[in-house]
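A.B. asks: In case you want the letters, here they are:
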Amino acid sequence: MIKIKNLSKKYNEKTVVNNVSVNIKKGKITSFIGPNGAGKSTLLSAVSRLIKHDIGEIMIDKKEIKSWKSNELSKKVAILKQSNNLNVRLTVRELVSFGRFPYSQGNLSEHDWEKVDEALSFMELHDIEDQYLDELSGGQRQRAFIAMVIAQDTEYILLDEPLNNLDMKHSVQIMKVLRRLVDELGKTVILVIHDINFASFYSDYVVALKNGKIVRQGPTNEIIEQGSLKEIYDMDIPIKQIDKCRVCVYFA
Amino acid sequence: MRNSTKLIILSVLAVGLVLAFLFTDLGSNWDYVLPRRTMKILAIIVTGSAIAFSTVVFQTITNNRILTPSIIGLDSLYLLIQTFIIFLFGSTNLTLMNQHVNFGISVVLMILFALLLYHFLFKREGNIYFLLLIGLIFGTFFSSLSEFMQVLIDPNEFQVIQDAMFASFNNVNTDLFYVSVLLMGLATLYFLKFEKYLDVLSLGKDTAINLGVEYDRVVQRLFIIIAVLISVATVLVGPITFLGLLVANVAYEFLKTYRHRVLIFGAMLVSIIALVAGQLIVERIFTFSTTISVIINFIGGVYFIYLLLRESRA
Numbered sequence: 077m078i079k080i081k082n083l084s085k086k087y088n089e090k091t092v093v094n095n096v097s098v099n100i101k102k103g104k105i106t107s108f109i110g111p112n113g114a115g116k117s118t119l120l121s122a123v124s125r126l127i128k129h130d131i132g133e134i135m136i137d138k139k140e141i142k143s144w145k146s147n148e149l150s151k152k153v154a155i156l157k158q159s160n161n162l163n164v165r166l167t168v169r170e171l172v173s174f175g176r177f178p179y180s181q182g183n184l185s186e187h188d189w190e191k192v193d194e195a196l197s198f199m200e201l202h203d204i205e206d207q208y209l210d211e212l213s214g215g216q217r218q219r220a221f222i223a224m225v226i227a228q229d230t231e232y233i234l235l236d237e238p239l240n241n242l243d244m245k246h247s248v249q250i251m252k253v254l255r256r257l258v259d260e261l262g263k264t265v266i267l268v269i270h271d272i273n274f275a276s277f278y279s280d281y282v283v284a285l286k287n288g289k290i291v292r293q294g295p296t297n298e299i300i301e302q303g304s305l306k307e308i309y310d311m312d313i314p315i316k317q318i319d320k321c322r323v324c325v326y327f328a
Numbered sequence: 002m003r004n005s006t007k008l009i010i011l012s013v014l015a016v017g018l019v020l021a022f023l024f025t026d027l028g029s030n031w032d033y034v035l036p037r038r039t040m041k042i043l044a045i046i047v048t049g050s051a052i053a054f055s056t057v058v059f060q061t062i063t064n065n066r067i068l069t070p071s072i073i074g075l076d077s078l079y080l081l082i083q084t085f086i087i088f089l090f091g092s093t094n095l096t097l098m099n100q101h102v103n104f105g106i107s108v109v110l111m112i113l114f115a116l117l118l119y120h121f122l123f124k125r126e127g128n129i130y131f132l133l134l135i136g137l138i139f140g141t142f143f144s145s146l147s148e149f150m151q152v153l154i155d156p157n158e159f160q161v162i163q164d165a166m167f168a169s170f171n172n173v174n175t176d177l178f179y180v181s182v183l184l185m186g187l188a189t190l191y192f193l194k195f196e197k198y199l200d201v202l203s204l205g206k207d208t209a210i211n212l213g214v215e216y217d218r219v220v221q222r223l224f225i226i227i228a229v230l231i232s233v234a235t236v237l238v239g240p241i242t243f244l245g246l247l248v249a250n251v252a253y254e255f256l257k258t259y260r261h262r263v264l265i266f267g268a269m270l271v272s273i274i275a276l277v278a279g280q281l282i283v284e285r286i287f288t289f290s291t292t293i294s295v296i297i298n299f300i301g302g303v304y305f306i307y308l309l310l311r312e313s314r315a
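Residue numbers (the numbering used here), protein chains in the order written: chain B, 77 to 328; chain L, 2 to 315.
Source of the hints: derived by calculation from the structure; they are not laboratory data.
Here a beta-carbon is modelled for each residue, glycine too, at the ideal position from N, C-alpha and C.
Take these hints with a grain of salt, some might be off.
[What the hints assert, rightly or not] Not close to chain B: a few residues of chain L, all C-beta gaps over 12 Å, as computed:
#1 TYR33
#2 ASN103
#3 GLY105
#4 TYR119
#5 LEU137
#6 VAL152
#7 ASN157
#8 VAL161
#9 THR292
[Stated by the list, open to error] Distance condition first, Cα-Cα at most 27 Å in a straight line; then the derived BS3-like pairs of lysine-lysine:
#10 B/LYS142 / L/LYS194
#11 B/LYS142 / L/LYS257
#12 L/LYS257 / B/LYS145
#13 L/LYS206 / B/LYS90
#14 B/LYS138 / B/LYS152
#15 B/LYS316 / B/LYS104
#16 B/LYS101 / B/LYS152
#17 B/LYS152 / L/LYS7
#18 L/LYS197 / B/LYS128
#19 B/LYS286 / B/LYS79
#20 B/LYS320 / B/LYS252
#21 L/LYS194 / B/LYS128
#22 B/LYS151 / L/LYS206
#23 B/LYS86 / L/LYS206
My request is simple: use the sequences and hints to build the entire structure.
C.D. replies: Printed below as a string of structure tokens:
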């Protein structure tokens, strides 16, 4: 379990994350939602040790993040950031094989390659595994990066806006994959997401942030309701029940 | 073509040029000429490799293929030290002043500067681009300072500085050469501990951290290794970092791989080829009427314009 306790992060004088406490349940999808600049990405980066937090503690499986060895932690937690511009030219397979670095330190064993193959099949990338990343569409690229994270074989998978710049079809594809990761492989997925309908449809828990603070957190259906959303986004968002799913009609 | 084939081609070319340099036009005084040429070629191989190697590593940790380590101002610091010595004591003193002392002072000051730069800036800001920016400003400051002193001194004394301004393999001090090889060898041995991280570092800071690289520590060590290599090479033969940009990019273009084991080795070979070929042209065709920096900058410039034109058409 990941426990975040009284976490704060300042950039110069500006407090971006302010006294945040969250517990993240194992084996579930937790979505961080909230307006731009709410501190969602910063929180996610702190949990994945990409940035150092100032105050508070982050416990990952009962051990503070700073006392984890970097290499050990990379077998436990994986993060995928929203912009993935590479300076090197790699094929899909080469990229995915980098996911094994924490285990292999660059010399991949038979077992490592098996894991790479598993990740490629999980993301259905085998037909394009020898193509270069810069020749692929945005959706294919994103799938390749997720495959790398899967090859890393961590308990926790953190994603910062994985649907950024993707069309509906690819967004749904990615979200379904995340759901399968949780349901079939027992992973814990934490993601920052802007489209609250995707959050509503696919996540188990929602944490809502605003101005660096947590406004609401809880099971998805407790957060996706008019009162909470008003508080989070300062907008009146009507919610329609379609079959079992709550849809937020935020366009008007 | 496979990478191993390409590396073999480069090796053959490098060895061929080295042999050509050693044994053509030998004349009858070969017992005098050969040892001198051997010394020269050794200096070329060692410094050329060091520059190629440190440029590739530097470009990987900065994630930028058009930077060279000279951006942190080590070249200009070297010229400043040389100018300052002449400015204070005069050129007669430089020739009097023990070459060993000059070597020691320069190497120590340059490495010290790099470490200070790193310590004060990178430690606090944690941002390598900030470090480069400050390095760039210091570099400019050092050159302006040197230029200011160069304008004030006697023109004859300026001649002496001008010699230091261009890389030259013609007067490499044997004792200093061995010391340099020792220093560079130690730095390289230390580097082997971090070699495995380079491929991952080329994916960028966030991905590297995600994959379990202790980014700050690794980058700091690599930075120190680069500073040692560059300082020693510069003091031994003069400012020669310009070469790095060219050979690193030729290696990327030719080898088309992300694997640093291949890239570094390839860049070293390209560097040796460029320097030996350049030295051959300087000695045999221009009979020392120009310097190797000029030749390599000329060829490098042409190659770069070619690259730019090709890129813009694609």
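A.B. asks: Each hint should be assessed against the structure and marked as holding or not.
C.D. replies: Results for each hint:
Look at L/TYR33: its CB is around 49 Å from the nearest CB on chain B, clear of 12 Å, so calling it non-interface holds up. Taking the minimum C-beta to C-beta distance to chain B, about 39 Å, the non-interface status of L/ASN103 holds against the 12 Å cut. For L/GLY105, the condition that its CB be more than 12 Å from all CB atoms of chain B holds, with the nearest at approximately 38 Å. The non-interface label for L/TYR119 is consistent with chain B: the shortest C-beta to C-beta separation is roughly 19 Å, beyond 12 Å.
Every Cβ of chain B is farther than 12 Å from the Cβ of L/LEU137; the closest lies at roughly 20 Å, confirming the non-interface assignment. Residue placement check: L/VAL152 keeps its beta carbon more than 12 Å from all beta carbons of chain B (closest about 41 Å). The Cβ of L/ASN157 lies farther than 12 Å from every Cβ of chain B, with a closest approach of about 48 Å, so its non-interface assignment holds. No beta-carbon of chain B comes within 12 Å of the beta-carbon of L/VAL161; the shortest separation is about 42 Å.
Chain B leaves L/THR292 outside its interface by the beta-carbon criterion, the shortest separation being 33 Å against a cut-off of 12 Å. For the suggested pair B/LYS142 and L/LYS194, the alpha carbons sit about 23 Å apart, so the restraint of at most 27 Å is met. With a CA separation close to 38 Å, the supplied pair B/LYS142 and L/LYS257 exceeds the 27 Å bound. Taking the CA atoms of L/LYS257 and B/LYS145, the gap is near 34 Å; set against the 27 Å cutoff, the hint is violated.
A threshold of 27 Å between alpha carbons decides the hint, and for L/LYS206 with B/LYS90 the separation of about 24 Å falls inside it, so the pair holds. With a C-alpha separation of about 13 Å, the suggested pairing of B/LYS138 with B/LYS152 holds against the 27 Å cut-off. At roughly 25 Å between alpha-carbon atoms, B/LYS316 and B/LYS104 fall within 27 Å of each other, so this suggested pair holds. Under the criterion of a C-alpha separation no larger than 27 Å, the hint pairing B/LYS101 with B/LYS152 is consistent with the structure, at around 15 Å.
Between B/LYS152 and L/LYS7 the alpha-carbon distance is near 40 Å, which puts this suggested pair outside the 27 Å criterion. Taking the CA atoms of L/LYS197 and B/LYS128, the gap is about 25 Å. The hint holds against a cut of 27 Å. Taken as a hint, the B/LYS286 and B/LYS79 pair is honoured in the structure, with Cα atoms around 20 Å apart against an allowance of 27 Å. Straight-line distance between C-alpha atoms of B/LYS320 and B/LYS252 comes to about 17 Å, which keeps the hinted pair within the 27 Å bound.
For the given pair, L/LYS194 sits about 26 Å from B/LYS128 by alpha-carbon distance, which is consistent with the 27 Å threshold. Our distance criterion of 27 Å between C-alpha atoms is met by B/LYS151 and L/LYS206, whose separation comes to about 18 Å. Proximity of B/LYS86 to L/LYS206 is assessed by CA-CA distance (about 21 Å); at most 27 Å being required, the pair is judged to hold.
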